[in-house]
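Asker: As a plain string of letters, each chain reads:
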Amino acid sequence: MKISGVTYRHPFANTTGGTGAGGQVLSGRSFQFDGVADRVACDAAAAANTLDWDGVKRWTVSCWFKDPSTAYATLWSMCPTIPGANRFLEIASYYSGGVGRIRLQARSSSTNFLTIAGATPSGGAGFIEIRSTDPNGIDPNDGNWHNVVLTVNSALGQVDGTKVYLNGLLAGKTTNDPAETNTFDFLKVGCRVQTNNTVFGPFFPGRCFRLSIYDGELSAAEVAAIYNGGQPVDERALTPAPLNFYRFGNGDYLFPVVKDYGTGGADGLAVNMIPGDIVGDAP
Amino acid sequence: MSETYYRVYPSDEVAPQMKSSACVSTSPRYNLDETEAILRFTEPVDGYITHTEAFELVQTPAWQEEPLQ
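Heads up: the protein sequence lines correspond to chains E and F, in order.
Per the numbering used here, residue 494 is the first one in the first sequence, and the count goes up by one each step.
Per the numbering used here, residue -11 is the first one in the second sequence, and the count goes up by one each step.
I should point out that these hints are in silico values taken from the structure, not numbers from a laboratory.
Note that the structure is a prediction, hence the values are computed from the model and not measured.
The beta-carbon is built from N, C-alpha and C at its ideal position, and this holds for glycine as well.
Be aware that a few hints might be false.
To be verified - Label pairs and their calculated CB-CB ranges:
hint	chain 1	residue 1	chain 2	residue 2	range
1	F	50	E	615	30 to 38 Å
2	F	7	E	747	19 to 27 Å
3	E	589	F	44	42 to 50 Å
4	F	33	E	540	30 to 38 Å
5	E	540	F	20	21 to 29 Å
6	E	614	F	21	35 to 43 Å
7	F	40	E	756	39 to 47 Å
8	E	662	F	56	35 to 43 Å
9	E	614	F	40	27 to 35 Å
10	E	604	F	50	20 to 28 Å
11	E	589	F	23	26 to 34 Å
Claimed, not checked - Sample of chain F residues facing chain E (criterion: CB under 7 Å; computed from the structure):
hint	residue
12	-10
13	-5
14	-4
15	10
16	13
17	15
18	20
19	43
20	47
21	52
Work the whole structure out from these sequences, hints included.
Answerer: Below is the structure:
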């Protein structure tokens, strides 16, 4: 950020805790989203076409989060450059009937869906729902950090082509629709995006530590390596390494730029946020 | 999160308010009929609401569609 022609340096820039190679801070901090309008735009990562649901691409997105709320909140989402509403994919957290839930929604329009009915453990056309009471389910607002990973093999009709892992364990899966596709061009962390990047919300009122994108459908063992028993590792040392790797305050010295520490070079941008939204909290 | 302040403005007042050095919002959130927007500030402004109040406000039907549609 430029202030009167001077490059702004984040106040944590000179701290040394949790440093890695090159003095870059790897851990200890996260972004606090306000649940009102805060978001991080990682559109360049989506525009690179890694994350398309086109019948061919395989990809994975991992996100570490902490959610203090019970309201429906989108952790991250994507949409295409098509003005029609309800063409989005998202991972969300919410409570209903006092039971915490993680939900994947994968839609190609208001009435068409990227996945078919019959999801495990529950769900319907276009969504997987995992309740805290399901095997490997989580209580999203239990005060702990959680890791949610979505793996996609977008082959049309692929059985179990879409899987959701929670804290390193397979918790939900479903089969792809035999015909529907979607080409995602916008990616937001902290809210749902749709209608050609013009409609936002619901927003996320919690904290995000990392978001990483892999060019490939990770195996269960590879997902478990990301979670690592709840102790995040430098994912760049994993095989495969992430194409895009956002660390939300850990090394982001040029706020509001959210640096991509992967090989993709697709920096994100914090929108409606201030440096004070970087907090000293991490898994 | 740093303490910040929120205020709802009619749409025609949003652009001038965003010029305030205390205004954080660069991409304001509007209600569903786009008659009002909520802005975030680093300092108290007349008629401000707290973060808790702002979060509760944007959960209402005027500001957010039913997310499980």
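Asker: Could you run down the list of hints and mark each one as holding or not?
Answerer: Each hint tested on the structure:
Range check, residue 50 of chain F to residue 615 of chain E: Cβ separation about 31 Å, and the 30 to 38 Å hint holds. Between residue 7 of chain F and residue 747 of chain E the beta carbon distance is about 24 Å. The supplied range of 19 to 27 Å therefore holds. Taking the beta carbon of each, residue 589 of chain E and residue 44 of chain F are about 18 Å apart, not inside 42 to 50 Å as hinted. Take residue 33 of chain F and residue 540 of chain E: their Cβ atoms lie about 37 Å apart, and the range 30 to 38 Å holds.
Checking the proposed 21 to 29 Å range against residue 540 of chain E and residue 20 of chain F shows it holds: the Cβ atoms sit about 28 Å from each other. Between residue 614 of chain E and residue 21 of chain F the Cβ separation comes to about 38 Å, which falls inside the hinted range of 35 to 43 Å. The hint said 39 to 47 Å for the Cβ distance between residue 40 of chain F and residue 756 of chain E, and at roughly 41 Å that hint holds. Remark: the range hint 35 to 43 Å for residue 662 of chain E to residue 56 of chain F is contradicted by a beta-carbon distance near 25 Å.
Remark: the range hint 27 to 35 Å for residue 614 of chain E to residue 40 of chain F is upheld by a beta-carbon distance near 34 Å. Taking the beta carbon of each, residue 604 of chain E and residue 50 of chain F are about 26 Å apart, inside 20 to 28 Å as hinted. Hint check: residue 589 of chain E to residue 23 of chain F, Cβ distance near 30 Å, so the stated range 26 to 34 Å holds. A least Cβ separation of about 3 Å between residue -10 of chain F and chain E falls short of the 7 Å threshold, and the interface hint therefore holds.
Proximity of residue -5 of chain F to chain E is violated relative to the hint, the smallest CB-CB distance being about 12 Å (cut-off 7 Å). This hint is violated: residue -4 of chain F has a C-beta 11 Å from the nearest C-beta of chain E, more than the 7 Å allowed. The restraint placing residue 10 of chain F at the interface with chain E is violated, with a minimum CB-CB distance near 11 Å, outside the 7 Å limit. The criterion of a C-beta within 7 Å of any C-beta in chain E is met by residue 13 of chain F, whose closest approach is roughly 5 Å, and the hint holds.
Annotation: residue 15 of chain F was flagged as interfacial toward chain E, and the flag holds, the nearest CB pair being 5 Å apart, inside 7 Å. A distance limit of 7 Å between C-beta atoms decides the matter here; for residue 20 of chain F the minimum to chain E is near 9 Å, and the interface restraint is violated. Interface restraint check: residue 43 of chain F against chain E, minimum CB-CB distance 5 Å, threshold 7 Å, status holds. For residue 47 of chain F, the shortest C-beta to C-beta distance to chain E is roughly 6 Å, which falls under 7 Å, so the interface hint holds.
For the restraint placing residue 52 of chain F at the interface with chain E, the shortest Cβ-Cβ distance is roughly 5 Å, inside the 7 Å limit, so the hint holds.
Hint check: violations occur at hints 3, 8, 13, 14, 15, 18; the rest are consistent with the structure.
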